[in-house]
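Take each chain as given, in its own frame, and dock them per the hints.
Chains A and B, in that order, give the protein sequences.
For what it's worth, the numbering used here labels the leading residue of the first sequence as 1, then goes sequentially.
For what it's worth, the numbering used here labels the leading residue of the second sequence as 1001, then goes sequentially.
Hint data in this document are derived by calculation from the structure and do not stem from the laboratory.
Warning: the hint list may mix true and false statements.
Said to hold, decoys possible - Selected chain B positions facing chain A (in silico; Cβ < 7 Å):
1. GLY1059
2. LEU1060
3. ASN1143
4. PRO1144
5. VAL1145
6. TRP1163
7. MET1250
8. THR1251
9. PRO1255
10. PHE1271
11. LEU1274
Claimed, not checked - Far from chain B, some chain A residues (derived; all Cβ distances over 12 Å):
12. GLY47
13. GLU117
14. ARG178
15. VAL181
16. ILE201
17. GLN212
18. PRO377
What the hints assert, rightly or not - Chain A stretches covered by chain B per the calculated footprint, using a threshold of three residues with CB under 8 Å from any CB of chain B:
19. 96-104
20. 119-128
21. 273-287
22. 408-414
23. 419-425
Predicted model only: the values in this text are computed from it and were never measured.
Backbone N, C-alpha and C fix where the C-beta goes; we use that ideal spot for every residue, glycine too.
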Amino acid sequence: MHRRTAHWRRWFATAALLALTAAVLAACGGSGSTSGGAAPSKTKANGPVAGTLSFYNFLPDGSEGKWWDDFVASFKKKYPNVKVEVTKFSTEDYWTKTLAAFSSGSEPDIFIPNAGEDLNKYIRAGKIAALENLVDLKYYNPATLVPFKDSKGHIDGIPIYSYIILGWDNQNLLSKYRLAVPKTWDELLAACHKLSDAGVIPIAMGNAGQDQFPTGQLQDHLLYQLGGPKLTLNATYGTNGAKWTDPVFVNAAKQMRALIDAKCFPRGFTGLNYSQMSNLFAQGKAAMAFTGSWFANQVGSSGAKFKAGVFPFPDAPGTTHSTASLDGILGGVNGLAASAKAAQRNPAAVKAFLDAFGAAADEYANTNSQLSAAAHPHPTGSGLQAELSQVFQSVKEIAPVSDTILPRAMAGKYNGDVVALTAGDMTPESWAKAMADAAAQEKPNLPNLG
Amino acid sequence: MNRVLDTHDGARARRPLRRPRAATVTKIAMVAPAMTLFLVFYVASIVAGIVLSFYHWDGLDPIRFVGFENYRVLFSDPVFVTNVKVTLVVVGACLVCILPLALLLAVCLSGPGRLLPLFRWIVFVPVVLPLAAVALLWAEIFNPVGGLANQLVGKLGISPVAWLGDQRVTVWALVLVSIWSILGLHVVIQLSALSAIPTELKEAARLETPSVWRVFRHVVLPLMRDSLTVSAALIITGTFVGFTSLAFVMTRGGPVHSTEVLGLRAYLEGFASLNFGMASAITVITMLLTIVLVGVTLFIGSRRRIEY
Chain A
1 MHRRTAHWRR WFATAALLAL TAAVLAACGG SGSTSGGAAP SKTKANGPVA
51 GTLSFYNFLP DGSEGKWWDD FVASFKKKYP NVKVEVTKFS TEDYWTKTLA
101 AFSSGSEPDI FIPNAGEDLN KYIRAGKIAA LENLVDLKYY NPATLVPFKD
151 SKGHIDGIPI YSYIILGWDN QNLLSKYRLA VPKTWDELLA ACHKLSDAGV
201 IPIAMGNAGQ DQFPTGQLQD HLLYQLGGPK LTLNATYGTN GAKWTDPVFV
251 NAAKQMRALI DAKCFPRGFT GLNYSQMSNL FAQGKAAMAF TGSWFANQVG
301 SSGAKFKAGV FPFPDAPGTT HSTASLDGIL GGVNGLAASA KAAQRNPAAV
351 KAFLDAFGAA ADEYANTNSQ LSAAAHPHPT GSGLQAELSQ VFQSVKEIAP
401 VSDTILPRAM AGKYNGDVVA LTAGDMTPES WAKAMADAAA QEKPNLPNLG
Chain B
1001 MNRVLDTHDG ARARRPLRRP RAATVTKIAM VAPAMTLFLV FYVASIVAGI
1051 VLSFYHWDGL DPIRFVGFEN YRVLFSDPVF VTNVKVTLVV VGACLVCILP
1101 LALLLAVCLS GPGRLLPLFR WIVFVPVVLP LAAVALLWAE IFNPVGGLAN
1151 QLVGKLGISP VAWLGDQRVT VWALVLVSIW SILGLHVVIQ LSALSAIPTE
1201 LKEAARLETP SVWRVFRHVV LPLMRDSLTV SAALIITGTF VGFTSLAFVM
1251 TRGGPVHSTE VLGLRAYLEG FASLNFGMAS AITVITMLLT IVLVGVTLFI
1301 GSRRRIEY
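Here chain B stands alone, though its shape is the one from the complex (with noise of 0.2 Å):
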């Protein structure tokens, strides 16, 4: 069958094409490779993870079908609860802290000046540590005895603090440390959002107004609220990641669960007390809710969408 193609000057030509069949079996033979690692890796792993949520299975023994018990455990457990809000608390304040801080200091690091890559390098630097470094290296800032953060509290006449061992305060402490690794990875993407504002349109707007604050809010912005969202939806998916790692290393979620945010909970049900069925259960769990929250920050993200 022939294709009637619309030209540019609104012709109408004909051509012939080659059979369909073999072109679809082009397309799905490029596209099989990657699609197969995706459908064995992800959506393969996701599945069983689903599956195993309704089963108890401690890797050894036989598996047991169980139905929604896992579920029925989780939500009647106040545990579960405090693993949710704490969770919610660190996105929350990775999300409030990181994006202002990143805007701030990739507005302060743009430009000519001749320190400024020294300044971008001291900021990304904590971002390529391995994680065992930053661990280590916090643990002693964190000391309560004779630790660099108590000295320096111990000078504004406060007493010293167990920050990693008084549930009031371990949270915000990983949350510093969760903020300080990150920080400089989400201040990359704001300068190179930054730098693709096209500098005529700055200079066109001053021409309208001298305050660099009225074309920063009403210019460049907007401008950047694709870039914002992106690093929005990092913060989200990274902290439910990274803030895992972090606490499963400086506190193993303590004290009294303080820092046991969900993945932490899903690694210990599995690993520490073999019960994979409910660890299963958690991460379907946590998949569901970071499925939200991304859905909604890319919601958000998308209205009023600016170009020039």
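Just chain A, with the same shape it has in the complex (with noise of 0.2 Å):
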């Protein structure tokens, strides 16, 4: 009996070893070839409309949420013989999960990129598919379509919605100070003075934990208006005669400073993150704010009790390119793109997918009161989306926001160090230098834009 049950013993545990040692080589197996870039075929574009399709959404929560959920159904509904999987992210995750897929050959089929860099160093591993030939680009308005033009001339992504970056104003709060809607500089730190003294928040602005982006924003802004678009990938690689040390870009931290010593912003501001700064704004607790079109959603959303505007930023002394006339503003492009892997393997439905949603592109920005990527867009939202619209038709030219443009690491750097100017550990001089240093530590490893 012994020996029966220790062979029996020895067998089983042969089997097990054998068993999980299978089933762990399988789990690491590779998935495939990481190659691609390859122009769609036409002939397959225009195919049957099957298979699956795997899409990365990282707008799950609220009206955008519902509504990407909504276009999914639609698409099912109209073509029952695709699948399409959708994963669902917070912001945070879907950058690092979108990298992780992609370097692992295991990329989303569709997702929705950023304008810029976010998408830019995927086009350069050759992994995004060109869409000029695949998706029909008569949806989109031109100048929507040009953040996704790449170095070669190729279209590589589609927009959903373009954003810009404004002054925003409680009328309600600013009219109880007798004080207009500021147009100058001057008349801009005359209300935080007037404001501050009154025990009213002029500007909402936080800039704490995982939200560095507000301050840098409102930096670029001031470089925009005080050099041009694009300084600080200018300085970053050298071109165009620039450096992080031109006067240029310490004048533009000082205005920053001026701003902050005139009070303009909440007390501890550098302790609020971007949820906080926005509720003091939806709240009523602050006259004006300065963030992106997107705030229209949320501050119609939170049931603000005042009427809100917006306005363009008041030009800082020195200003070159004035955003007070609209000659330039902030802003960028989200939107679609495609794998190249995905447009390879079953274009027909990638052509469905995005076609569809550029039939639908104005019915999305109307129910997230989001600026229209749409060739012929007919805003219907609340007046903050209309006065928004206007100034975007207005505008002459959309300057690149930096952590869009920047390669990585810069991105980080030039957010997190902003944070330390607003902060009081930086001078301006302090600054520019240490952008400057971080550029020459990172040139081994910049990616070359082509």
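So this is what it looks like as structure tokens:
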């Protein structure tokens, strides 16, 4: 009996070992090649729409989340032979998990990138499909396609909405203190002094925690006014003769400090995150804010009990590119992109999905109070959306935000050091020098922008 | 070959064994599943991380060998020195605060009181709260505009503090949150150690002296050395991981790197800056630091062990 039991135990143990080893090897196995980048076949793009599409969505919440759920449901109804697998993420998880997916060769078929470095790194790796011959671009405002054009002239994404970054005002609060919406820099500083003396927060601002971008965007705004678009990118790469130690960077930092010294921002604002900062304005505790057009959705959904408006931020002293006159404004585009693998494997389904969005682009913007990327927008949303649309149509140039165009290491450094500047831990001069040192250190690792 | 066995009364017996090869195969097969998992998910990951630290890779472009360049850059980076200092300060502060506090609470919460189970539950609740809830809760407490913390300091006549925006204060605010969130676990560890001490030892000691403090110091505390050592080691390793997550969610290492511990720096280098080689170099250094700290802790804890 003992011998039979021992014999049986040996076989069982050996079988378990082999099964586990097989399972581990299968789990660790690769998921195919990572090559891609060839243009999708036009013939196959007009073929039957079937198969599976994977879609990474980082807009899963609120009205946008519901809109995407409804969109996917109606797409499945129209194309019952297509299975759409939607994976939803928070914003922070989205970037890291999308990168992990692309690195491992299991990239999503369709995802939502910012136009800029976040998409460009995948384009350089040959993993993004060129769309100009695949999807119907007639749906879109041609200006909104420009940020998706790569150095070879391919269109690598389609826009879902544009955004601009500008001033927001609480007209009730401004009227209460007999203030008009500031049109000049001096009016702005005077309004800040008057409001803060009265115990009212002049401009809602915060850059704590993960939300370091608000002051980074304000710094970008000042840089654009004083020196034009893409200054930070030029200084990082040393193109167009730009250097981080140029006076324009120090001057922009000085204007940022001037706003802080005029008590424009809440006391302790470096400890406020974006949500807390937004609530200050939405709850009527701040007379103004400086943030993007996406804020219209938040203002609307928060039930703000005051009349809100938008205004171009006044020009700082020394301005060469006026935002007050709408020579230009800070902004960008979010879009949809398709992986090269998906476009090769199933171009018909990719085309159907992206064209379905194109046909619904205006509806998306109206439902979510965003700036429409449609060729012929018809804003039907709140008064805020109409105002934003009017500004967007009037502006001559959209200057990209630094954290969408800079290489990732420099983008993080930029936003982080602007936080230090606003906290008083860096002077304008030391801030510019720190950025110059960072660019020099990163130089061997900077991607070739082609 | 027969093996000679000593029996209890010293008599020797000879018993034939199974063939050694078959026994060895059985033993290996029994531990193979667990060992395979350990080798693949722990050892292989560590080795891969060490190897990657000698390369530059952004996750997409071809990997490039750079030798010790990542380490050279790190050791000449003043921010890295700050990261190490912050890490040691945070670990030290958590050790110094949690161990005595957990011991004190365990002593207070031990015993047969009717409300004690409720208080034990209250102390343990923060341990099971998800990180997002903890971060959200304390972000509101530390809100510089109307948050509870500033309301309390206001009553003491102190000006509002930028708890998460002032580099002199933020690290201590996060240490407080860290202590609050893991204290309960160490109270439970010390409670179980306290309950394992035989009552008769304490009663015998009380016969020698009426002083409760002397009984605690000379009888109870020495017998809790093992549990305190375990707690200390868990605080060190837990702080390396837990504080990283907390700092990532609440401050992203700011302001001015004042809450940027090594683990967070590694994450930011890897996933924010797309520099996985540098991130691996930081994790290698973090691993060595952790081994040293835990090793010292275990060494100190193993000296002069007392058993009754």
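Consistency of the hints with the structure:
1. Among the interface hints, the one on GLY1059 of chain B holds; its C-beta lies about 4 Å from the nearest C-beta in chain A, closer than the 7 Å criterion.
2. Proximity of LEU1060 of chain B to chain A holds as hinted, the smallest CB-CB distance being about 4 Å (cut-off 7 Å).
3. Checking ASN1143 of chain B against chain A by beta carbon gives a least distance of about 6 Å; that is within 7 Å, so the hint holds.
4. For the restraint placing PRO1144 of chain B at the interface with chain A, the shortest Cβ-Cβ distance is roughly 3 Å, inside the 7 Å limit, so the hint holds.
5. About 6 Å separates the beta-carbon of VAL1145 of chain B from the nearest beta-carbon of chain A, less than 7 Å, and the hint is met.
6. Hint status for TRP1163 of chain B: holds, given a least beta-carbon distance of 6 Å to chain A, under 7 Å.
7. Because the beta carbon of MET1250 of chain B sits about 5 Å from the nearest beta carbon in chain A, less than 7 Å, this interface hint is met.
8. At about 5 Å, the closest approach between the beta carbon of THR1251 of chain B and any beta carbon in chain A falls short of 7 Å, and the interface hint on this residue holds.
9. Given the 7 Å rule on beta carbons, the hint for PRO1255 of chain B holds: about 5 Å separates it from the nearest Cβ of chain A.
10. Interface hint status for PHE1271 of chain B: upheld, as the beta-carbon distance to the closest one in chain A is roughly 5 Å, under 7 Å.
11. Because the closest C-beta pair between LEU1274 of chain B and chain A is about 5 Å apart, less than 7 Å, the hint holds.
12. Taking the minimum C-beta to C-beta distance to chain B, about 31 Å, the non-interface status of GLY47 of chain A holds against the 12 Å cut.
13. With a closest Cβ-Cβ approach of about 10 Å to chain B, GLU117 of chain A is found to fall inside the 12 Å limit, against its non-interface label.
14. Listed as a non-interface residue, ARG178 of chain A keeps its Cβ farther than 12 Å from every Cβ of chain B; the least gap is roughly 24 Å.
15. Residue placement check: VAL181 of chain A keeps its beta carbon more than 12 Å from all beta carbons of chain B (closest about 23 Å).
16. For ILE201 of chain A, the shortest C-beta to C-beta distance to chain B comes to about 8 Å, within the 12 Å cut-off, and the non-interface label is violated.
17. Residue placement check: GLN212 of chain A does not keep its beta carbon more than 12 Å from all beta carbons of chain B (closest about 7 Å).
18. With a least beta-carbon separation of about 35 Å from chain B, PRO377 of chain A lies farther than 12 Å from that chain, consistent with its non-interface assignment.
19. Residue count for the stretch 96-104 of chain A with a Cβ under 8 Å from a Cβ of chain B: 5. That meets the three needed, and the coverage hint holds.
20. Coverage of the stretch 119-128 of chain A by chain B holds [criterion: at least 3 residues with CB-CB distance below 8 Å; count 5].
21. Proximity of the stretch 273-287 of chain A to chain B, defined as three or more residues with a beta carbon under 8 Å from a beta carbon of that chain, is established by the 4 residues found.
22. With a threshold of 8 Å between beta carbons, the proposed coverage of the stretch 408-414 of chain A by chain B holds, since 3 of its residues qualify and at least three are required.
23. Using a Cβ-Cβ cut-off of 8 Å, 4 residues of the stretch 419-425 of chain A lie near chain B, which meets the minimum of three, so the contact claim holds.
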